[in-house]
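Sequences listed follow chains V and S, in order. Numbering-wise (this note's numbering), the first sequence opens with residue 1 and increments by one. Numbering-wise (this note's numbering), the second sequence opens with residue 1 and increments by one.
It should be emphasised that the hints constitute simulated quantities derived from the structure, not laboratory data. Remember, it's a predicted structure, so these values are computed and weren't measured experimentally. C-beta: ideal position from N, C-alpha, C; glycine also. Among the hints, a few may not be true.
[What the hints assert, rightly or not] Okay, the calculated beta carbon distance ranges per label pair:
{"no.": "1", "chain 1": "S", "residue 1": "Gly476", "chain 2": "V", "residue 2": "Asp119", "range": "24 to 34 Å"}
{"no.": "2", "chain 1": "V", "residue 1": "Arg72", "chain 2": "S", "residue 2": "Thr652", "range": "42 to 52 Å"}
{"no.": "3", "chain 1": "S", "residue 1": "Ser188", "chain 2": "V", "residue 2": "Thr21", "range": "36 to 46 Å"}
[Stated by the list, open to error] Just a few of them, taken from the derived set where beta-carbon distance is under 10 Å, the chain S residues facing chain V:
{"no.": "4", "residue": "Asp32"}
{"no.": "5", "residue": "Arg280"}
{"no.": "6", "residue": "Ala709"}
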Amino acid sequence: MSDSVRITLSVNGSGHVVDVTPRRLLSDVLREDLGLTGTHVGCEHGVCGACTILIDGRPARACITFAIQMERHEVTTIEAVARDDVYSPLQQAMHEEHGLQCGFCTPGIIMTFEAYLRDNPDPSETDIRDVLSGNLCRCTGYQGIVAAVVKAAADLRRRP
Amino acid sequence: MKAPTDTFTQIGRALPRREDRRFLTGQGQYLDDMAIAGALHATFLRSPHAHARIVSIAIEAAAALPGVVKVVTGHDLAAWTTVLQMAPPIDGLAPTAMPAMPINKVRFQGDIVACVIARDRYLAEDAIEAIEVDYEILPAITDLPSAFAAGAALVDDAVPGNLLAHQSFAAGDVAGGMRAAHAIVESSFSQQRQTHLPLETRGCAAIWNDGRQHLTLHIGNQAPHPLRTQLARRLSLSESQVTVICPDVGGAFGQKIVLYREELIVAAMARHLRRPVRWREDRMENLQAACHAREATCRTRAAVAKDGRILALELDISEDFGAYSFFPGNYIARVVALILTGPYRISDYSYEIRVAMTNKCGAGPMRAPMAMTSWVMDGTLDAIARRLGIDRLAVRQINMLQPGEFPYTMATGEVVDDITPTQTLAAVAESIDYAGLAARRKEAETRARFRGIGLCSVVESTTYGSRFYKEAGIAGSGHEAAWVRIEPSGAVNASVGLMGAGQGYETSLAQAVAEGLGVDAEVVRINLGNTDVSPYGMGTRGARGATAGGGALYLCARKAQDQVLRIAAHLLALNSAVDLRLTGAKVQRLIDGAWSETGVALADVARISYLDPTALPEGIPPGLDFSLTYDPPPMTYSNSAHACEVEVDPQTGRIEILRYVVAEDCGTVLNPIVVAGQQRGAIAMGLSGSLLEQVYYDESGQNLSSTLADYLVATACELPNFEILPMHTPNRRTPVGIKGMAEGGVMGAIGALTSAVNDALAPFGVTADKLPLTPPYIRSLLRGRI
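Turn these sequences into a full structure, and let the hints guide you.
If you want it as structure tokens, here you go:
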């Protein structure tokens, strides 16, 4: 098909030079070219939310984004959430509240709420469920995830 | 009742899951996360028609495209694979046979027509577009009436009348009960076609090592050993030439049990091309062509006395099994019929089952294959209550088995024991304030909303022993196999033939081993899903994991502890190990009624067993390596009662779930965190299926629900928080009192929600008897009545 184009991607604070065809999805480039397989592909049509990443700090679906669109944007993936081997408050709360089972949807949910909690430090359970409705989970019934977000928000509010 | 877990130190611990770390940090390794050097990609051309003869396939243009390595059709695969014969000696079951890829005709929209192997997935999908197929379209059979109509087109030429299975059964004097009845109450229950929707679609990667003549298949699957048996058979390889390895699995719910045709084709292609071949199903394929479930209608006729007692019960099930039979066609309907009467005292009972083939995706078991059972039974009781004008709780109580009546043999011969239906029902009725509903209903009516409470009691068949399979006529076993190894340092490895897809086995099964051996669960590593490492077991299905798998591991670990203590007794110069125990990996001795340290640790015994075996007592072999198989009772049951309160808006048809309470008695639990997660997940799946999910086919057999914008599942906004009332009556016939669980939640949720909605709709004199309970359906019931 069409020829490859050389682009520079900024992912998790590092620059990567990759050759991509224009139709290549960001999710495929992250997973196959950069080896960042924590971004999962669940539907390839932007509904399930498993592939949620941050583009310039805001949640987006990697499966309906072309890699070639990402020049001059900063991409953040699940691999950058834990710092120095320490869970983020949300990761810790997901563990404690049994907010995950098979784990496939988990990175997308964490990315959604890492961004959301930064801007919304004190959400109600209704707010959380509303935001969470953009991510499908088939295992948990969502209850543990909601509890984890509530707990993480409280933890973040206590921090300086 | 005393909780059995009081006597355990490891079983019953609320241990957070050890598998979480990799999943929370993006380090899980699912199938598609594996890098395989040089792997080619498979993509399938699928039929656009529900039923058509394949006249010709032109592959040349596709094969000539850049990056394309091979294009194959059914003729090619027929030379490299054998046919799947589904012909167990079961009464009333039509035998079927299925090749790896259709050759002469396609049977549903999404059926496989050709396979492209290319350098990458993008190029493979380009090539699919370039294949030209000439079809002769045949009449599509898309529902039960057309399947059974005289002269109907045959979905499978070998199945006359499209009747895949036909069974009937009667016990007691049903006709006499009908004659003696005060009233005969007839009810109908239609469950829609659904699909499992694991967040990770299917997929696999096959590597043929030509030098060793060995095939390795990487695949997310629930039952790796039975899969290996199938794969070897269909490729005419020995089982020693095939290794199945399961990476992390992103949900399964029954969709990842059998060897599907796509997986067999990928393996055959890897062998033929002598190159690794991988496949990742896309979501449209998953919704159209993986596996569907649940499409069945049940009708009941209940003969009742004036007080609501059931004198006799008839059940008629008709099920739409789709175009292919990956499982015996009678199996799912039969389980519904077998356990229908569940917690109730009904000795005069008959059933008839008819299972049809249609031009839709093949059906199989989905978390709670028998999902509709409790809805049908408690829905029948609700209908009786409505007809006789008696209270819905009272009609359940008068028919329910009382504590003194166990063990109880159902009309079908199934034996239930150690279950607590009256206690669980009383607990949820009290918790949800059944008695106080009238006041809340009145308040809701001031807002033009209609409230109802639903009740549903569940008896869940969990663990099938080998005797069950024998009696069902299915070649197979319900046993499970385990090994436990204490390494030279005292570290513990263990394995069992299960494979998880989110159930937390690496934590909860470590607790079973730790309890049996006498160590902390933290030192036990559970190794699953590699057929070269794990013993041959029957895999994860039903709700057998804890009873069969946990039971086998516990017993195997006990065997290990026995040997460790015999060695310790020798080291301590004692004649016998009777007063010794292992706890926290240390050997203790009972002296004057108190346990005291002996100074001997598991690590000391391990070191001697591996590095100084001549110091072992006579008759004890070197090493600490144990294995065991365990066959559970023919069937184990757990039970639960579900109650939910809903509010219906008659103007919009919207259903809001206000509260959901469940009392589930699943006996001893390995890990309460994991069990609560399974309870919530199962209820969520039941509610999602009852409210939203539906595979839609139009009259020509086109699947209209092929995206997640069309096949709707519950999001966080549709589901409530679940209130769990713990109950733990141990099963006295399993090693530590485990009963099994994880499917009953689906059964109870369907029944409780439907019961609640019908209670709310009662003022309008209408009853919902079809799922899903969508707003348009509720509105259609109320049209002209408000």
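Query raised in the report: Can Ala709(S) be said to touch chain V, with a Cβ gap under 10 Å?
Result: 6 Å, holds
Query raised in the report: Does the nearest C-beta of chain V fall within a distance shorter than 10 Å of the C-beta of Asp32(S)?
Result: 7 Å, holds
Query raised in the report: Was the hint right that Arg280(S) lines chain V, CB cutoff 10 Å?
Result: 8 Å, holds
**Report entry** Cβ separation of Gly476(S) and Asp119(V), checked against the hinted range 24 to 34 Å
**Finding:** Between Gly476(S) and Asp119(V), where Cβ atoms are some 55 Å apart, the hint is violated.
Report task. Just tell me: holds or violated, for the beta carbon distance of Arg72(V) and Thr652(S) against 42 to 52 Å? Result -> Distance hint for Arg72(V), Thr652(S) holds at roughly 46 Å.
**Report entry** Range hint compliance [Cβ, Ser188(S) to Thr21(V), 36 to 46 Å]
**Finding:** Since the Cβ atoms of Ser188(S) and Thr21(V) sit about 55 Å apart, the hinted range of 36 to 46 Å is violated.
Checked against the numbered hints above, the structure violates hints 1 and 3; every other hint is satisfied.
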